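Residue numbers (our numbering): 973 to 1123.
Note that these hints are calculated values from the structure, not bench results. As the structure is a computational prediction, the values presented were derived from the model and not from experiment. Everything hinted at is true.
In silico EDC-like cross-links for lysine to aspartate or glutamate, where the CA-CA straight-line distance does not exceed 20 Å:
no., residue 1, residue 2
1, K1024, E1103
2, K1029, D1067
3, K1106, D1026
4, K1043, E1053
Derived CB-CB ranges, DEER-like:
no., residue 1, residue 2, range
5, E1063, Q1021, 20 to 28 Å
6, N996, P1023, 38 to 46 Å
7, S1004, Q1118, 37 to 45 Å
8, G1110, E1042, 13 to 21 Å
9, P1065, P1023, 15 to 23 Å
10, N996, Q1118, 42 to 50 Å
11, D1112, V998, 45 to 53 Å
12, A1039, N1001, 35 to 43 Å
13, E995, K1106, 35 to 43 Å
14, K1029, P997, 38 to 46 Å
Built from N, CA and C at the ideal position, the CB exists for glycine as well.
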Amino acid sequence: MNRTLSILLAGVSFLAVPAWSAENPVVVNALSEYMDFNEYGSSLIWPEQIPKDDWNKVFIVDARDAAQFEKEHIPGAVNIEWRQAVARRAELPKDRMVVMYCNSGSLSAQAVFALRLLGHDNVKVLQDGIEGWKAKGGFDANQRSQGNAKS
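Turn these sequences into a full structure, and let the hints guide you.
Here is the structure:
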């Protein structure tokens, strides 16, 4: 059985099995295969890795709740709360990079993990979330990091 189908079946099995039941070996196997296969950095991206002109090519998802999104968000971001990422996955493009963030990166990481298990290999977590993005210079983080490297 191919890897994608195995992971998909495991995901469906996981949703169908009550949380209190014994471990499901299909789920455990699929998760183990996924974690063995993936590289550490394949689902992470730092603000300084994206040049300012490339941000407009990125589909940015704010995974925080609507109130936090309304208060402040990265310009151009759409709001898909992290808990809804799997249910709303059809809204994510497959032909370009998708970057998800929350306040610090922890909740968006959970959403990205689930999406990547479902085959969305183009989805990445913005490491350190919106707080890290702001601290590193926002859209200018790449340029700022280049300036620091030259010093």
